[in-house]
Amino acid sequence: GAVVSQHPSWVICKSGTSVKIECRSLDFQATTMFWYRQFPKQSLMLMATSNEGSKATYEQGVEKDKFLINHASLTLSTLTVTSAHPEDSSFYICSARDPGSHEQYFGPGTRLTVT
Amino acid sequence: KNQVEQSPQSLIILEGKNCTLQCNYTVSPFSNLRWYKQDTGRGPVSLTIMTFSENTKSNGRYTATLDADTKQSSLHITASQLSDSASYICVPHTGFQKLVFGTGTRLLVSP
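These protein sequence lines are chains A and B, in that order.
Mapping the first sequence onto the working numbering, position 88 (from 1) lands on 88, and the numbers just tick up by one.
One gets the working numbering by counting positions in the second sequence from 1 and adding 115 to each.
What the hints contain is simulated information worked out from the structure, not anything from laboratory work.
Every value quoted in this text rests on a predicted model; they were computed, and no experiment measured them.
Warning: the hint list may mix true and false statements.
Pulled from the structure, derived: some chain B residues nowhere near chain A, Cβ distances all over 10 Å [what the hints assert, rightly or not]:
(1) Gln137
(2) Leu214
(3) Phe216
One-sided and incomplete, this derived list gives chain B residues near chain A with beta-carbon spacing under 8 Å [said to hold, decoys possible]:
(4) Gly131
(5) Ser198
(6) Ala201
(7) Ile204
(8) Gly219
We treat Cβ as the ideally placed atom computed from N, Cα and C, and that holds for glycine.
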């Protein structure tokens with residue numbers, strides 16, 4: 001199957017700082033990528049849909065000014081958590097949609113811990 | 116409202132045994148249903164994808180069934196292995212871009 005990577009795989013940051021997470025589709029061009037958040041023992045919750053070259057579409061309750069999404073190329077989307085707080089500590093997972101198969105492939109996730 | 120219910124919430128089985136996980140959904144319109152395996156601290160990995168016209172699909176020791184009329188699906192794992200310990204997530208797809216995730220079944224295969 002197609003490969004989607006995320007970087008970093010884990011990050012620890014201090015409260016009030018910003019953290020950027022990268023999501024890359026390695027062997028296909030993804031016009032659409034998705035960002036999810038998953039708290040322990042809970043299901044994946046969609047945060048936003050990222051479309052290449054346009055503004056992201058955020059789900060209800062997700063602050064667009066806090067979770068900045070940039071999809072500047074067909075293989076890269078970034079999620080920046082601004083002014084991070086301990087409650088932002090979570091597992092962030094991206095997925096990329098292959099326009100040919102319409103299948104979504106998930107990245108390995110990024111564990112964010114805000115101290 | 117699109118909803119997905121999976122049962123059991125958690126399950127412990129002995130290595131080598133079989134098990135069946137259940138999924139009931141109310142997603143509409145319905146395009147296809149996917150089962151994912153998610154290891155702890157990892158992203159989901161697709162196991163099977165079934166359209167509304169498919170009743171069963173296998174992937175190695177994993178066999179998924181689908182009844183689109185009753186909106187039920189199951190995932191059967193044969194001859195379980197320790198590496199099968201993970202969360203199994205049922206995802207019915209509307210055909211639009213968003214995926215609706217169930218809460219998953221946490222499976223522990225014990226030696």
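For this structure, which hints from the list above don't hold up?
-> Violated: hints 2, 3, 4, 5, 6.
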